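Protein chains: 2
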Amino acid sequence: MRIALDAMGGDHGPTPNVHGTRLALEANPDLTIVLVGDQAQLEPRLAAAAVPANRVELIHAPQVVEMREKPAEAIRRKPEASIFRCWQLLATGAVEGLVSAGNTGAVVAGGLKTRKFLHCVHRPGIATVMPTAKGRCVILDVGANVFPKPRHLLEYGVMGKVFAQSMLHIDRPLLGLMNVGEEEGKGHELVQKTYELFRTSHLKDHFYGNIEGRDIHRGTVDVVVTDGFTGNVVLKLCEGVFEFIMGMVKSEVIHPLPHDRELAAQAAVQLVGKYHYSAFGGAPLLGVDGVCIICHGSSNERAIANALSVAALDCRLKINDKIVAELEQLPSGNDD
Amino acid sequence: MRIALDAMGGDHGPTPNVHGTRLALEANPDLTIVLVGDQAQLEPRLAAAAVPANRVELIHAPQVVEMREKPAEAIRRKPEASIFRCWQLLATGAVEGLVSAGNTGAVVAGGLKTRKFLHCVHRPGIATVMPTAKGRCVILDVGANVFPKPRHLLEYGVMGKVFAQSMLHIDRPLLGLMNVGEEEGKGHELVQKTYELFRTSHLKDHFYGNIEGRDIHRGTVDVVVTDGFTGNVVLKLCEGVFEFIMGMVKSEVIHPLPHDRELAAQAAVQLVGKYHYSAFGGAPLLGVDGVCIICHGSSNERAIANALSVAALDCRLKINDKIVAELEQLPSGNDD
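Chains G and P supply the protein sequences, listed in that same order.
Residue numbers for the first sequence follow our numbering, beginning at 1 and rising by one.
Residue numbers for the second sequence follow our numbering, beginning at 1 and rising by one.
Chain G extracted, bound-state conformation (with noise of 0.2 Å):
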């Protein structure tokens, strides 16, 4: 199996990437990696990290697409660049799948411009696993498509069904719509109109209805699907709600403990990594002929690694195939 990681992307540049990369290749003996990047800056890296020769390809990538650029002058003005190389790879069949730490918008717009998404598919989108009371959910869309039709959001319900199956182990995924209120009829034409999609759907049995925000962290449902404007919000928000509650639990309960201080410190910070959302690893993008995983820009080697792992066991469960036919029992319904 082969995957393509963009070895530029993130915020700390290659490094990361190539000591993810020999994390990823002793946990997946399956496993091959294109690294696509600097020559010049990955050679010397990787056999100062000790990578074996042997499973890695390097595929040099003159441009980078730096965090802060704009995705379309990017695709533009870096045809080159390493994320947008990744996907040429997709698209002629050179690697099954692809990882990147880079600019987000980026890597949307790369899979998007392709056009290689899964029969039945009309736009890829961005799912994303949270920690819930109960356990885990996917939430999908979270950025890729911010002003989605009723039948995109459909459709991610069915991609987010096959993923809690495939990777959560959730053997009857509930769904939830993302609103402002339970009752039928609540929100915008949006909601409204996709509300009733599911209604009427082969997914109606697994069809909760509407959900409102504190629904989710409450394990309410498996799966919540959102547009990527909402869904961007909430998985930013509950990064900021975590860190600042964290901050007002260390300072006003566990400073003042007279006994305990150190024990409870300690217990926070587990508690930080155990439920902080980037643990949660990268987010696929779900949708595209192939395998495509999105990280956050911060990642360091052991998210790079987990990011590359996710990928190859996408590949192995044959998540996409799994999604085409889920898709194909749905009514055929235009863009709209």
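If you are wondering where the hints come from, they were derived from the structure by calculation, not from laboratory data.
Since the model is a prediction, treat every value here as computed from it, not as a measurement.
Think of the CB as a built atom: it goes at the ideal place given N, C-alpha and C, for glycine as much as any other residue.
Honestly, I wouldn't trust all of these hints.
As the list claims (entries may be wrong) - Take a look, some chain P residues computed to stay more than 10 Å from chain G by CB distance:
| no. | residue |
| --- | --- |
| 1 | 57 |
| 2 | 151 |
| 3 | 209 |
| 4 | 233 |
| 5 | 325 |
| 6 | 326 |
What the hints assert, rightly or not - Cut-off 25 Å, straight-line C-alpha distance, at most; resulting in silico cross-link-like pairs (DSS-like, lysine-lysine):
| no. | chain 1 | residue 1 | chain 2 | residue 2 |
| --- | --- | --- | --- | --- |
| 7 | G | 70 | P | 322 |
| 8 | G | 274 | P | 250 |
| 9 | P | 193 | P | 204 |
| 10 | P | 204 | P | 322 |
| 11 | G | 204 | P | 204 |
| 12 | G | 70 | G | 113 |
| 13 | G | 193 | G | 204 |
| 14 | G | 204 | G | 250 |
| 15 | G | 274 | G | 134 |
| 16 | G | 116 | G | 70 |
| 17 | G | 149 | P | 149 |
| 18 | G | 250 | P | 134 |
| 19 | G | 149 | P | 193 |
| 20 | P | 134 | P | 204 |
| 21 | G | 250 | P | 193 |
| 22 | G | 149 | G | 204 |
| 23 | G | 193 | P | 70 |
| 24 | G | 70 | P | 193 |
| 25 | P | 149 | P | 116 |
| 26 | G | 113 | G | 78 |
| 27 | G | 149 | G | 193 |
| 28 | P | 149 | P | 78 |
| 29 | P | 250 | G | 134 |
| 30 | G | 250 | P | 149 |
| 31 | P | 250 | G | 193 |
As the list claims (entries may be wrong) - Example chain P residues on the side facing chain G (calculated, C-beta under 10 Å, incomplete):
| no. | residue |
| --- | --- |
| 32 | 232 |
| 33 | 316 |
| 34 | 328 |
Chain G is fixed; fit chain P onto it per the hints.
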């Protein structure tokens, strides 16, 4: 000063409303409260709670909008419901403000029906105060207007600014537009057009630009402007994340402590009380000609009293006059 109270509103019926009335009267010597609701239920409760009879008036309303009732249906089927009677009192000038812990959608629908908006306001919006790492911020709209126009969001910026100045005592509030990334040009058409309106208005020196979900609790800005769909999800998500994390803190940090478990548990309870979103009192529906405070359905007497006091303060500070004066500085804009 006369404030109407929807005495039937809320999950717990008239009791917390009656007790909240007593507390608010004690705290506000200039206040008269007009209780609107079922006379037969209210009279004995007012007597039992020893509410001073010379400072309350009772207006009988034979109907109640249930918490899960659809607002549009309620307005048609129950024109004499307590919340709609409150709006009639406001519209005729019989009271200066109203407070309700009832069905939020019905409160908003009642307000929209009176069409008694402030000069220059196209659509009212609900504002909520949230704690941040730097103090407090105000976010609006959190649910009155789920599919707004850019002009509405610009007006929310003005209202939020005046609110932050008057109620949060922030001299020069910084305004942020909720988006999926900081860079100009991010997001869908609504936020792109709104960005441009802010950038070219007299608010431009107060305009921070786009913010992301994680910025809210970091306190990056003092006023968060967003559509009512996103804002409502944000509000309820915060509640859910807070609940979730405090649950984890209790079981994983506090419970295992050998010596200080009790002390830490007490501090956690205090923290929950201090930072819980319901502790920030009622949410004003800004933009109506009068004062309207919407309370959480689960409000206790303290929350009702708090909301009545805030309504009285809004009247005293003449927030609406300030909003109108500032809205008049905007270039005239139509509702698109």
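Going through the hints against the structure:
1. Against chain G, the non-interface label of residue 57 (chain P) holds: every CB pair exceeds 10 Å, the least being about 33 Å.
2. For residue 151 (chain P), the condition that its CB be more than 10 Å from all CB atoms of chain G holds, with the nearest at approximately 17 Å.
3. With a cut of 10 Å on Cβ distances, residue 209 (chain P) stays outside the contact zone with chain G, its closest approach being about 13 Å.
4. Some Cβ of chain G comes within 10 Å of the Cβ of residue 233 (chain P); the nearest lies about 4 Å off, and the non-interface call is violated.
5. Its beta-carbon lying about 32 Å from the closest one in chain G, residue 325 (chain P) satisfies the requirement of being farther than 10 Å from that chain.
6. Listed as outside the interface, residue 326 (chain P) is consistent with that label: its C-beta sits roughly 27 Å from the nearest C-beta of chain G, beyond the 10 Å cut-off.
7. Of the supplied pair hints, the one linking residue 70 (chain G) and residue 322 (chain P) is violated, its CA atoms being roughly 39 Å apart against a limit of 25 Å.
8. Using a Cα cut-off of 25 Å, the hinted pair residue 274 (chain G) and residue 250 (chain P) holds, with the two alpha carbons roughly 15 Å apart.
9. At most 25 Å may separate the alpha-carbon atoms for a hinted pair to count; residue 193 (chain P) and residue 204 (chain P) meet this at roughly 14 Å.
10. The suggested pairing of residue 204 (chain P) with residue 322 (chain P) holds, with an alpha-carbon distance near 18 Å, which does not exceed 25 Å.
11. Our distance criterion of 25 Å between C-alpha atoms is broken by residue 204 (chain G) and residue 204 (chain P), whose separation comes to about 48 Å.
12. Restraint check for residue 70 (chain G) and residue 113 (chain G): satisfied, since their Cα atoms lie roughly 15 Å apart, inside the 25 Å limit.
13. With a C-alpha separation of about 14 Å, the suggested pair residue 193 (chain G) and residue 204 (chain G) falls inside the 25 Å cut-off, and the hint holds.
14. Between the alpha carbons of residue 204 (chain G) and residue 250 (chain G) the distance comes to roughly 44 Å, so the proposed pair goes past 25 Å and is violated.
15. For the given pair, residue 274 (chain G) sits about 15 Å from residue 134 (chain G) by alpha-carbon distance, which is consistent with the 25 Å threshold.
16. Of the supplied pair hints, the one linking residue 116 (chain G) and residue 70 (chain G) holds, its CA atoms being roughly 22 Å apart against a limit of 25 Å.
17. With a CA separation close to 19 Å, the supplied pair residue 149 (chain G) and residue 149 (chain P) stays within the 25 Å bound.
18. Under the criterion of a C-alpha separation no larger than 25 Å, the hint pairing residue 250 (chain G) with residue 134 (chain P) is consistent with the structure, at around 16 Å.
19. Between residue 149 (chain G) and residue 193 (chain P) the alpha-carbon distance is near 20 Å, which keeps this suggested pair within the 25 Å criterion.
20. Under the criterion of a C-alpha separation no larger than 25 Å, the hint pairing residue 134 (chain P) with residue 204 (chain P) is consistent with the structure, at around 23 Å.
21. A hinted pair counts as satisfied when its Cα atoms are at most 25 Å apart, and residue 250 (chain G) with residue 193 (chain P) does not qualify at roughly 41 Å.
22. Taken as a hint, the residue 149 (chain G) and residue 204 (chain G) pair is honoured in the structure, with Cα atoms around 19 Å apart against an allowance of 25 Å.
23. Restraint check for residue 193 (chain G) and residue 70 (chain P): the C-alpha separation of about 18 Å stays at or below 25 Å, so the hint holds.
24. Only pairs whose Cα atoms come within 25 Å are accepted, and residue 70 (chain G) paired with residue 193 (chain P) is accepted, the gap being roughly 18 Å.
25. Proposed proximity of residue 149 (chain P) and residue 116 (chain P) is supported: the alpha carbons are some 19 Å apart, at most 25 Å.
26. For the suggested pair residue 113 (chain G) and residue 78 (chain G), the alpha carbons sit about 14 Å apart, so the restraint of at most 25 Å is met.
27. With a C-alpha separation of about 9 Å, the suggested pair residue 149 (chain G) and residue 193 (chain G) falls inside the 25 Å cut-off, and the hint holds.
28. This hinted pair does not check out: residue 149 (chain P) and residue 78 (chain P) have alpha carbons roughly 30 Å apart, beyond 25 Å.
29. For the hint pairing residue 250 (chain P) with residue 134 (chain G), the CA-to-CA distance comes to about 16 Å; that is within 25 Å, so the pair holds.
30. The straight-line distance between the Cα atoms of residue 250 (chain G) and residue 149 (chain P) is roughly 42 Å, outside the 25 Å bound, and the hint therefore fails.
31. Restraint check for residue 250 (chain P) and residue 193 (chain G): the C-alpha separation of about 41 Å exceeds 25 Å, so the hint is violated.
32. Using the Cβ-Cβ criterion of 10 Å, the hint placing residue 232 (chain P) at the interface with chain G is satisfied: the shortest such distance is roughly 4 Å.
33. The interface hint given for residue 316 (chain P) is broken, as the beta carbon of that residue sits about 32 Å from the closest beta carbon of chain G, more than 10 Å.
34. Because the closest C-beta pair between residue 328 (chain P) and chain G is about 30 Å apart, greater than 10 Å, the hint is violated.
The structure does not agree with the numbered hints 4, 7, 11, 14, 21, 28, 30, 31, 33, 34 stated previously, though it agrees with the rest.
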